[in-house]
Amino acid sequence: GQNIDQPTEMTATEGAIVQINCTYQTSGFNGLFWYQQHAGEAPTFLSYNVLDGLEEKGRFSSFLSRSKGYSYLLLKELQMKDSASYLCAVSSGDYKLSFGAGTTVTVRA
Amino acid sequence: DAMVIQNPRYQVTQFGKPVTLSCSQTLNHNVMYWYQQKSSQAPKLLFHYYDKDFNNEADTPDNFQSRRPNTSFCFLDIRSPGLGDAAMYLCATSRDGAEQETQYFGPGTRLLVL
Numbered sequence: 001g002q003n004i005d006q007p008t009e010m011t012a013t014e015g016a017i018v019q020i021n022c023t024y025q026t027s028g029f030n031g032l033f034w035y036q037q038h039a040g041e042a043p044t045f046l047s048y049n050v051l052d053g054l055e056e057k058g059r060f061s062s063f064l065s066r067s068k069g070y071s072y073l074l075l076k077e078l079q080m081k082d083s084a085s086y087l088c089a090v091s092s093g094d095y096k097l098s099f100g101a102g103t104t105v106t107v108r109a
Numbered sequence: 001d002a003m004v005i006q007n008p009r010y011q012v013t014q015f016g017k018p019v020t021l022s023c024s025q026t027l028n029h030n031v032m033y034w035y036q037q038k039s040s041q042a043p044k045l046l047f048h049y050y051d052k053d054f055n056n057e058a059d060t061p062d063n064f065q066s067r068r069p070n071t072s073f074c075f076l077d078i079r080s081p082g083l084g085d086a087a088m089y090l091c092a093t094s095r096d097g098a099e100q101e102t103q104y105f106g107p108g109t110r111l112l113v114l
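Sequence order for the protein chains is C and S.
Here our numbering is used: position 50 in the first sequence is 50, and no number is missing along the way.
Here our numbering is used: position 56 in the second sequence is 56, and no number is missing along the way.
It cannot be assumed that every hint is accurate.
[Said to hold, decoys possible] Here are the simulated DSSO-like cross-link-like pairs (lysine-lysine), alpha carbons at most 27 Å apart as the crow flies:
id: 1; chain 1: S; residue 1: K38; chain 2: C; residue 2: K81
id: 2; chain 1: C; residue 1: K96; chain 2: C; residue 2: K76
id: 3; chain 1: S; residue 1: K17; chain 2: S; residue 2: K44
id: 4; chain 1: C; residue 1: K96; chain 2: S; residue 2: K44
id: 5; chain 1: C; residue 1: K57; chain 2: C; residue 2: K68
id: 6; chain 1: S; residue 1: K38; chain 2: C; residue 2: K96
id: 7; chain 1: S; residue 1: K38; chain 2: S; residue 2: K17
id: 8; chain 1: C; residue 1: K76; chain 2: C; residue 2: K57
id: 9; chain 1: C; residue 1: K68; chain 2: S; residue 2: K44
id: 10; chain 1: C; residue 1: K96; chain 2: S; residue 2: K52
id: 11; chain 1: C; residue 1: K57; chain 2: C; residue 2: K96
id: 12; chain 1: C; residue 1: K68; chain 2: C; residue 2: K96
Calculated directly from the structure, the hints in this document are not laboratory data.
Quick caveat, the model's predicted, so the values are computed rather than measured.
Using the sequences plus the hints, can you model the full thing?
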């Protein structure tokens, strides 16, 4: 079975940093994705990690530790438009993408 | 712009009345997926097509069917919707379905069952 855990909600102030953790236990691992989903809209791709370490892409960075079954998404210099749900998803084979329930981030002025 | 389109964005149906949701894509991807996402839950894969090859997830109820008449279009048919089928239905595509490929999502159709 697939088990992917992430916190339900997080709140932070505009301009701050927030770290969203994701832990996973899956049958097979071929990489971890982070998606952003604004309310009522489609999930959009943010990042993909398959090797251990940190991948930086502008204000967003994603980290992976395969031995620990752990990833985080780091959002820096938070903006109001970053208020959204962030979904952690593990690829465990062709066509197989298993999602966490998502972390709702609320950015306050 | 290349994209994944879902219509309608909101669909209301009656308990037991068949309903069809549609998805189209201009990405020319081989694989199309249907996910069900209930409030505050993870998207759950119902099935996917590689070209015309249909693949059902083991726990997808028989009440859910799908058709893919051509590369661009895919339909989700719910034969007898129950109250528990009220959810957001997301369509996604990927080029070939390989494990490292990004999936591209449509905006979703929110289904309400009365």
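Hints, one by one, checked against the model:
| no. | hint | verdict |
| --- | --- | --- |
| 1 | S/K38 - C/K81 | 24 Å, holds |
| 2 | C/K96 - C/K76 | 30 Å, violated |
| 3 | S/K17 - S/K44 | 23 Å, holds |
| 4 | C/K96 - S/K44 | 11 Å, holds |
| 5 | C/K57 - C/K68 | 23 Å, holds |
| 6 | S/K38 - C/K96 | 19 Å, holds |
| 7 | S/K38 - S/K17 | 20 Å, holds |
| 8 | C/K76 - C/K57 | 11 Å, holds |
| 9 | C/K68 - S/K44 | 25 Å, holds |
| 10 | C/K96 - S/K52 | 18 Å, holds |
| 11 | C/K57 - C/K96 | 25 Å, holds |
| 12 | C/K68 - C/K96 | 21 Å, holds |
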